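Chains as they are written, first to last, in this note's numbering: chain A, 1 to 232; chain B, 1 to 312; chain C, 1 to 283.
Everything labelled a hint here was simulated from the structure, so no lab data went into it. Small disclaimer: the values here were computed from a predicted structure and weren't measured. Incorrect hints may have been included.
Stated by the list, open to error - Below, in silico cross-link-like pairs of lysine-lysine (DSSO-like), each with a Cα-Cα straight-line distance of 27 Å or less: (1) LYS163/C to LYS106/A; (2) LYS56/A to LYS218/B; (3) LYS294/B to LYS218/B; (4) LYS85/A to LYS107/C.
As the list claims (entries may be wrong) - If you want the footprint, here are the derived chain A segments under chain B, 3+ residues with CB under 8 Å: (5) 80 to 92; (6) 105 to 116.
No residue lacks a Cβ here, since even glycine has one placed at the ideal position from N, Cα and C.
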Amino acid sequence: MLSPSLRADEVSRAYSSGLLSKRKKTVLDRVSLEVKKGETLGIMGESGTGKTTLGKIITGLEAPSTGNVFYGEKSLSRMKNTERKRFRSRVQMVFQNPEGSLNPRKKIELSLNQVLKLTGTPGRKQKEALLLALESVGLTEDVLYRYPHQLSGGQNQRVVLARVLFLQPHFIVLDEPTSALDMSVQAQILHLLKRLQRETGMGYVFISHDRSVVEFVSDRIGILANGRLHFS
Amino acid sequence: MSCLQIRNLTVRFGTASGPLKAVDCVSLAHEKEETLALVGETGCGKSMLGRAVLKLLPGDALVSGEILYEGRNLLSLSEKDLPVIRGNEISYVLQNPSLALDPVRTVGKQISEVFHIHRRIKIKDAARKTDLLLQRMGFSTPEEIASLYPFQLSEGMNQRILIAMAVALHPRIIIADEPTKGLDERLKKEVIGELDRIKKEKESSLLLISHDLGVARKLSNRIAIMYCGQIVEVSPAADFFAGPLHPYSRALLESHPENGFNPVPGTAPSMIAPPRGCRFHPRCGRKMDICAEKEPQQYRKKETDVKCFLHR
Amino acid sequence: MKALSPAQKRISGERRNAFLLFGAALMAFFLVLSLFAPWIAPRDPWERFEPYAAPGKEHLLGTNDLGHDILSELIYGSRVSLIVGLGASLLATAIGLLVGLFSGYFKGVPDEILMGATDIFLMIPRIPLIIILAAFLKPSFWIIALVIGLFWWTSIARVVRSKTIQVREMPFVQSAECLGFSGRRVIFSEILPNILHIVVPKFMLTVAAAMISEASLSFIGLGDPSMKSWGLMLNYAFNRGGFINGMWWWFLPPGICITLFVLSIVFVSFAIQSGEERQMGLR
Chain A
1 MLSPSLRADE VSRAYSSGLL SKRKKTVLDR VSLEVKKGET LGIMGESGTG
51 KTTLGKIITG LEAPSTGNVF YGEKSLSRMK NTERKRFRSR VQMVFQNPEG
101 SLNPRKKIEL SLNQVLKLTG TPGRKQKEAL LLALESVGLT EDVLYRYPHQ
151 LSGGQNQRVV LARVLFLQPH FIVLDEPTSA LDMSVQAQIL HLLKRLQRET
201 GMGYVFISHD RSVVEFVSDR IGILANGRLH FS
Chain B
1 MSCLQIRNLT VRFGTASGPL KAVDCVSLAH EKEETLALVG ETGCGKSMLG
51 RAVLKLLPGD ALVSGEILYE GRNLLSLSEK DLPVIRGNEI SYVLQNPSLA
101 LDPVRTVGKQ ISEVFHIHRR IKIKDAARKT DLLLQRMGFS TPEEIASLYP
151 FQLSEGMNQR ILIAMAVALH PRIIIADEPT KGLDERLKKE VIGELDRIKK
201 EKESSLLLIS HDLGVARKLS NRIAIMYCGQ IVEVSPAADF FAGPLHPYSR
251 ALLESHPENG FNPVPGTAPS MIAPPRGCRF HPRCGRKMDI CAEKEPQQYR
301 KKETDVKCFL HR
Chain C
1 MKALSPAQKR ISGERRNAFL LFGAALMAFF LVLSLFAPWI APRDPWERFE
51 PYAAPGKEHL LGTNDLGHDI LSELIYGSRV SLIVGLGASL LATAIGLLVG
101 LFSGYFKGVP DEILMGATDI FLMIPRIPLI IILAAFLKPS FWIIALVIGL
151 FWWTSIARVV RSKTIQVREM PFVQSAECLG FSGRRVIFSE ILPNILHIVV
201 PKFMLTVAAA MISEASLSFI GLGDPSMKSW GLMLNYAFNR GGFINGMWWW
251 FLPPGICITL FVLSIVFVSF AIQSGEERQM GLR
């Protein structure tokens, strides 16, 4: 059986301002897209065009006003709790601000362990799994004992990736993952993402305003403008 | 003729794990009316260098060396004399425009304040000057913009407001700290265009601090590359982009989008315990035995100063 | 941007430390008094001696109208203040935290309901209600602690709610949700640690406020006469001839104690809060 694809079908998102006002702000207008495992769909657009909203809708963190998101044949809105849970682990999201993505009050080890526990890894194997995860994203053990503000942006982003990888997702939606990073660090993270994709066969939805970055990583590119998504 | 001469500047912090030299014995000259780009990765000390010029360092920083501006050592100026220079003759454009502006005052008031405080211009006249300035910065409705608060304006607009505040008094030197960080393509272009226009119009010198060589390329005459608290290469822009001499400069250039996103191998070194000898040698593809033992001095190759044994 | 000279930075740190030290020392002093009252007090505060005695060798602070040793009363009085203060505050903070967290996190209908409840509680006039309750129930200090706690939670709930709403939007909370943590887990594991720095000072200030409330209630006669409390001492001093006869050793010490205990708590909470602020600002 083919692995399920992640699909958005005529997704719209509108906000109404004020309780009684009829004014509606349409952020997304009947957007459709599809990603398969192993490929990278790039989504380009300027800041504030609704790219993040689209990312959140695809990941199920936000509900669309109209339209549906499908994982395989199942629509997100129709999923039961157990199916929803499985969807959660299959589709993950990485946000723009790496340091903000980790709880500032927790050491890296704790942040990672809490997710590791979700996977049901037995206690004695946890340290081993942690070290393996760090290695796969190019980090050393000493990172475990620090707080997010003591690490660089690049290191934090790697920790975020390591954490997401514990759940062995099929798809990762990346919202401007390198925009806050230096040029040189950006290059490192982009290569890391490509390597991880080769090794695990994940599909990416890569959202960015940076044309050169999107072109570098994506197999297909869609441009989000005025709420509509156009494919070239 | 240099308007700013930095000599043997060291900025040191005491940390729990030992002294950290954010800027390690750096000497740099900034010529009149040139745009000098100070490029390096986050944490290499470039921001500290910029802030040291105006003594805007954190309270626990220990500074030594000299920063000569028109014959005076800025580092020895008292807190009384410095405000005359800050904003007036040397101005600083901060990162993060939305955070750098006062959220509870209109942008117009904030710009007028610059005129009022430094030139003792009356509020009414300052308001007029503000409108003129905003108009020159490309805002078609200056009165309207002046009455808005920072949160009502976009990031790009706020960045232009910050730049406006920095150039209001025709300073001799503008220090711009990562003016394009986090901005998208369009905004980046806008800000670069803005800075370009200003330096031509005002005949100011611009010290551009950035991690982005692409931005440096568009604006600067000379490039200085900073690594782990030290300047490793200073070169005229044209020569630099034709072929950088220092292996780190080359690797940095290679990591940029136009050149294929080739990452610089290895990881950034600790500033508390930097590598012995040449600080870049653990990551250098062309290292020699001597690189691990002795620290290279600066060698001159035509118009370029480079700190690398390869160019002995 | 102003650069603080090293000297300036040190002073603010020193001043903060001074508050902390002084406040903590005072607090510790009163805590010891209340915990070890039976061993510290020179006499049993309920034992009768010669009434209205002036301070002397036998009774350092004299005796009250019933002949009880005032100094012993004072020492035992710290217990009531502490119990009511802590008890009321714990109750208020617990309720306020839960209401604020759930309200701020889940938004929508639960938020409306909880905030509605908060508004209702805020509207009820406290002192009249306490007086009515005291008239119908036996005025024991547990009741007082309960009533104070049941009314003070509202301000904590509001503060917690707005901070929760703020923290809720931060990427690491969204990440936690995305990674599959349950709502409850997110609230207690991700959000709570990031609002504690606001809650702890508020908790301490509530202790202080509750202490003053108890003292006030006791002073106007709604207190628990079966326990020695500073407020009650003030009540008796005023109503049984202490004030008129200028017996400062009777009415001044309880007042000073209330003031000092509350002050010590305020100092410590101020030091904690400014310490947190500095930590967050410096980063």
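These are the hints, each one checked on the structure:
Proximity of LYS163/C to LYS106/A is assessed by CA-CA distance (about 18 Å); at most 27 Å being required, the pair is judged to hold. Between LYS56/A and LYS218/B the CA atoms are separated by roughly 36 Å; this puts the pair beyond 27 Å, and the hint is violated. Distance check on the hinted pair: LYS294/B and LYS218/B sit about 36 Å apart at the alpha-carbon level, beyond 27 Å; violated. Between the alpha carbons of LYS85/A and LYS107/C the distance comes to roughly 22 Å, so the proposed pair stays at or under 27 Å and holds.
Closer than 8 Å: that is the beta-carbon criterion, and the region 80 to 92 of chain A has 0 residues meeting it against chain B, so the requirement of 3 is violated. Check result for the region 105 to 116 of chain A against chain B: violated, 0 residues qualifying (beta carbon to beta carbon below 8 Å, three or more required).
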